[in-house]
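A.B. asks: Sequence:
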Amino acid sequence: MKNNRFGILLITALIVVAIGLAVLGPMLFRQNISKESPTPERTTGSFLAAKGIVESEEDVQISSQVKGEIMKMNADEGDMVKKGEPLVTLDKSALTARINASEAALNETKAHLKELERGYRTEDIEMAKSRFNSAEATYLNAQDEYERQKRLYDRNATTVVELNRAEEKMKVATEGLNESKAALQKFQKGARSEEIEGARAKVGKASAELQYDKALLKDYTILSPIDGLVAERFKDDNETVDVGTPILKLVNPEKLRIRAELEETDVGKINSGQFVEVYADAYRDKVFHGKVYKVFSVVRRKAQRTFDPAASFDINTQGIYIRLDDFTGLKDGMTVTVRFIK
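At position 4 of the sequence shown the residue is numbered 4 (full-length UniProt numbering), and the sequence of numbers has no breaks.
In case anyone wonders, no lab produced these hints; they're calculated from the structure. The reader is advised that the hints may include incorrect statements.
As a list, the in silico BS3-like pairs of lysine-lysine whose alpha-carbon atoms are at most 25 angstroms apart [as the list claims (entries may be wrong)]:
| id | residue 1 | residue 2 |
| --- | --- | --- |
| 1 | K291 | K67 |
| 2 | K214 | K286 |
| 3 | K51 | K255 |
| 4 | K83 | K249 |
| 5 | K269 | K51 |
| 6 | K255 | K286 |
| 7 | K331 | K83 |
| 8 | K291 | K255 |
| 9 | K110 | K202 |
| 10 | K92 | K82 |
| 11 | K110 | K214 |
| 12 | K171 | K92 |
| 13 | K72 | K235 |
| 14 | K171 | K150 |
| 15 | K169 | K181 |
| 16 | K235 | K83 |
| 17 | K286 | K342 |
| 18 | K110 | K186 |
| 19 | K302 | K291 |
| 20 | K255 | K83 |
| 21 | K249 | K72 |
| 22 | K235 | K92 |
| 23 | K218 | K72 |
| 24 | K129 | K186 |
| 25 | K92 | K72 |
| 26 | K302 | K269 |
| 27 | K129 | K169 |
| 28 | K214 | K92 |
| 29 | K291 | K51 |
| 30 | K302 | K51 |
| 31 | K291 | K342 |
Quick list of the computed label-pair ranges, beta carbon to beta carbon [to be verified]:
| id | residue 1 | residue 2 | range |
| --- | --- | --- | --- |
| 32 | F296 | D242 | 29 to 37 angstroms |
| 33 | G329 | F234 | 26 to 34 angstroms |
| 34 | Q61 | F296 | 16 to 24 angstroms |
Quantities reported herein were computed from a predicted structural model and do not represent experimental measurements. In this text, a Cβ means the ideal position worked out from N, Cα and C, and glycines have one as well.
Generate the whole structure from the sequences, applying the supplied hints.
C.D. replies: What follows is the structure, encoded as C-alpha cells:
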C-alpha cells in the first residue's frame, strides 16, 4: 500500500515539474537569446543603436532644361553609364527650323549692311538718273499742256473739264519728279551714317538670336554628369517633359555611405569620429565596421521608412553620416542597424 502511495506521489511530482518546464522554459530561453543577440532600436546597456540606410554620396536627379518630347531614352534602370554618355534625346526639329530661319535672316541683314558700307553701284546711279530724266520730261510735257489748256480756257476755247484734267496730270507728274529726284540724290550722296549704324544693329541682333538658338541645341541631348548607375527611370519614349521634370536618377555605387537617424532623446550622445558596428538582415553573420564622419546640427522629422509596422514617424531625429571600412555586399537603398560604440 505504501509503495502504491509513493508511486502516485512520484508520478504527480514529475507531472508538476514537466508543466513548469513547459511554461517557464521558453521564457527563460528568450531571455537568454535577448542577452546574447541584442538588436535594439535605441539604447541597450552601454551603447546606442539606430536604423540607417545605405546611400550613395553622389546622387543625381536628371531633368530637362527645355520643354520637349522625348525621342529616345538611351538608358534604363540598372544600366551603368559613363560621364558624358547620352542618356536622353529630345525632339529638336522645331529648334532646327528656327535656326535655319535665323541663319537666312542674318545673311540678309549682312548683305544689306555690306551694300550700305560699300556705297551704291554706278549702274544703280545711272538708272536713277534715267528715271529722273524721264520724270522731268513727263513733268515738262504736263506743265506745257496745262498752260495751253489754261490759255484756251481764258479765251473760252475749251471746257473746264479739259483744264482740270490737265491740272491733275501736272500734279501726278510733279510727284513723280520729286520722288525720282530724291532717289537720285540718295544714290549720289550714298547712305547716311545713321542708316549704316541701324543696319549694323540689325546684324548684331540677328547674330545674337542665332547664337542663342544654337546654344539651346546642347540641351536637347542630356548627358550623364557622372560615372554611375541608373537607379530609377521616370519617363519613356514619346512622353513630353517640362523644364525641371525628373527623368532619371543616377547614383555612384562606388561612393557609398550610411545615413542613420538618431532619436531626439539621444541627441548630443554621438560625436564625429565615433566607431560603429553595422548589421544588415542580408548578412546576419557579418559585422561591418566604420566611423561617424558627420553629425547634423539640426533635428528634423523622421524621414526613413522601415519594414517595421510598429515604427512611428511622428518623432524628430538627428541625421548622422557614417563611412564603413568595407561596403562589400551592401547596395544603395538597403536598410541597416547601426550600433554606436563608446
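A.B. asks: All hints are to be evaluated individually against the structure, with a verdict given for each.
C.D. replies: Structure-based check of all given hints:
no.	hint	in the structure
1	K291 <-> K67	violated (44 angstroms)
2	K214 <-> K286	violated (56 angstroms)
3	K51 <-> K255	holds (20 angstroms)
4	K83 <-> K249	holds (14 angstroms)
5	K269 <-> K51	holds (16 angstroms)
6	K255 <-> K286	holds (21 angstroms)
7	K331 <-> K83	holds (21 angstroms)
8	K291 <-> K255	holds (15 angstroms)
9	K110 <-> K202	holds (9 angstroms)
10	K92 <-> K82	holds (24 angstroms)
11	K110 <-> K214	holds (19 angstroms)
12	K171 <-> K92	violated (58 angstroms)
13	K72 <-> K235	holds (10 angstroms)
14	K171 <-> K150	holds (15 angstroms)
15	K169 <-> K181	holds (18 angstroms)
16	K235 <-> K83	holds (20 angstroms)
17	K286 <-> K342	holds (20 angstroms)
18	K110 <-> K186	holds (21 angstroms)
19	K302 <-> K291	holds (22 angstroms)
20	K255 <-> K83	holds (15 angstroms)
21	K249 <-> K72	holds (17 angstroms)
22	K235 <-> K92	holds (18 angstroms)
23	K218 <-> K72	holds (15 angstroms)
24	K129 <-> K186	holds (11 angstroms)
25	K92 <-> K72	holds (12 angstroms)
26	K302 <-> K269	holds (18 angstroms)
27	K129 <-> K169	holds (22 angstroms)
28	K214 <-> K92	holds (11 angstroms)
29	K291 <-> K51	holds (15 angstroms)
30	K302 <-> K51	holds (11 angstroms)
31	K291 <-> K342	holds (12 angstroms)
32	F296 <-> D242: 29 to 37 angstroms	holds (33 angstroms)
33	G329 <-> F234: 26 to 34 angstroms	holds (28 angstroms)
34	Q61 <-> F296: 16 to 24 angstroms	holds (21 angstroms)
The structure shown violates the earlier hints numbered 1, 2, 12.
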